[in-house]
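Enquirer: In case you want the letters, here they are:
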Amino acid sequence: MSNRVAVIGVGQTKYASKRPDVSIAGLLREAAQRALDDAGLTYADIDAVVIGKAPDMFEGVMMPELYLADALGANGKPIMRVHTAGSVGGSTAIVASHLVEAGIHERVLTVAFEKQSESDAMWALTVRPPFQPSTVGGAGGYFAPYIRAYMRRSGAPADTGMRTVVKDRLNALKNPYAHLHQPDITLEQVAASPMLWDPIRYAETCPSSDGACAMVLASESAAAKAPGKPAWVHGTAMRSEPTMFAGRDQVNPQAGQDCARDVYKAAGITNPRKEIDCAEIYVPFSWFEAMWMENLGIAPLGEGWKMVQEGATGMDGDFPVNMSGGVLSSNPIGASGMIRYAEAAMQVRGTAGEHQLDGVRKAMGHAYGGGSQFFSMWIVGSEKP
Amino acid sequence: MPDSLTAPHVLEYPYTRSTGEVIGRFFTGLKERRILGARTTEGHVLVPPQEYDPETGAELSDLIEVGETGVVTTWTWIAEPRPKHLLQKPFAFALVKLDGADTAMLHMVDTGDPSVMHTGMRVRVRWASDLIGDITDIACFEPEVA
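Residue numbers (the numbering used here), protein chains in the order written: chain X, 1 to 385; chain C, 1001 to 1146.
Isolated chain X (complex conformation) (with noise of 0.2 Å):
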């Protein structure tokens, strides 16, 4: 890396069904202001920013970001949007720190977000354009033929996704911004739960929420002055691939493979179940966190689910994941990658509150999106890199 970078602020709203009480300005301003706080910032502070959100006819919102230059202080300043499907947030963010890595800026702020109860992102998702095939029936529809065939391949016990989800669920009550509460729930009761697309029942899809995520990122010498413990950027990756190329593996994604090798280079990570504490991956559907486990290189391939049966995934375990519910218990879209990136900066930064790690030193933040065809990850840690 050229210059360090560091997370020096994070914002988050409360996800929920539905805010109809602010505007979608209103609910980035809201997890804007709450990093700009916790930086010890005014928005006259912050050089340039970057937003991201998923595809615009989720929303409807045409080129969000001229409606939001006001609402994020960017008069007279660089702002621009990042797309990259549902790892947008991820991408975002990382876009955010390249500005500082640069030595472009000195402070970006960087907010994604999605307005879910404004939109329709199941229809949106179901688009049958003329002469094309159409994903049928939203973002589940689409990934259940590839969670199939890694059952296929791995053998994997059929309840290791609800295992997953009873896990996420469980840690979602020790975060305060999580949208799903649920300290009821049962290994039985997803079990019960209606059968979306086979094999993803309801209770191992994740909800629809509405909620913004915002990070102030700093280069070393604002990072110094900043109120708080900074996490430091020790790597990031992008990679994709296309969608529709039929010879590509959509269970263990080669882009995906391959930005787990990049990112970890850049941090100089050579055994990354080891010298990584905890990870924040992007599960929207329960079985996708034994499937990223291997496409990570986590797990040798074909033994993610092990992970998951054994507990090494939870709190306790040697490689957890998710501590703040992930993806299963908070999905505002746009914003889900971005989270995942602020949850590892706040566990090495120690900020975590009850579903705090004792001692996290390096953690990783990870989203995918598309037709798990964009990759982005980002490794952070207590110490400089």
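All clues stand as given, with none of them false.
Rough simulated footprint, nothing fancy, chain X against chain C, three-plus residues with beta-carbon under 8 Å:
#, segment
1, 1011-1017
2, 1020-1034
3, 1050-1057
Label pairs and their calculated CB-CB ranges:
#, chain 1, residue 1, chain 2, residue 2, range
4, C, LEU1106, X, ASN3, 43 to 51 Å
5, X, VAL127, C, ILE1078, 36 to 44 Å
6, C, ARG1017, X, ALA149, 34 to 42 Å
7, C, THR1006, X, ASP56, 22 to 30 Å
8, C, PHE1027, X, ASP316, 47 to 55 Å
9, X, PRO183, C, THR1069, 57 to 65 Å
10, X, TRP123, C, LEU1106, 30 to 38 Å
11, C, THR1006, X, GLU383, 53 to 61 Å
12, C, GLY1067, X, MET62, 33 to 41 Å
13, C, THR1006, X, GLU310, 52 to 60 Å
14, X, GLN33, C, HIS1085, 40 to 48 Å
Derived from the structure by calculation, the hints contain no laboratory data. Where a beta carbon is used, it is the ideal one built from N, C-alpha and C, also for glycine.
Given the coordinates of chain X, work out where chain C should sit on it, guided by the hints.
Expert: Here is chain C on its own, set in the frame of chain X:
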């Protein structure tokens, strides 16, 4: 060269919008024949109000009532309205700065005759007969004459 295929593709989605408190109060005010503006920290009054100061980004929550009369700051004449125009007779699109406001608002002025229109002319709100909490509650402006 063979003709390439084309097919129509019509998309419709039922989106929702929340106004937030500031814009919500503006629309609610219109239902009561009151026009609200937002006062900035510098003391400027923005009509229609905005949630955030375009200059500084500060949150705006101080709403004050302005007059229903004002002055035309610029205008253009629509001699032949199209079917979707809200006035089905010749009219002016104009920027109107209401009394007590520091910014002008785009609306329509009905004078019936372009020779009456001029920059600096005084106008008054003509309220719609049914008030529903929308910008169309202001049917248009008309010359302020005794």
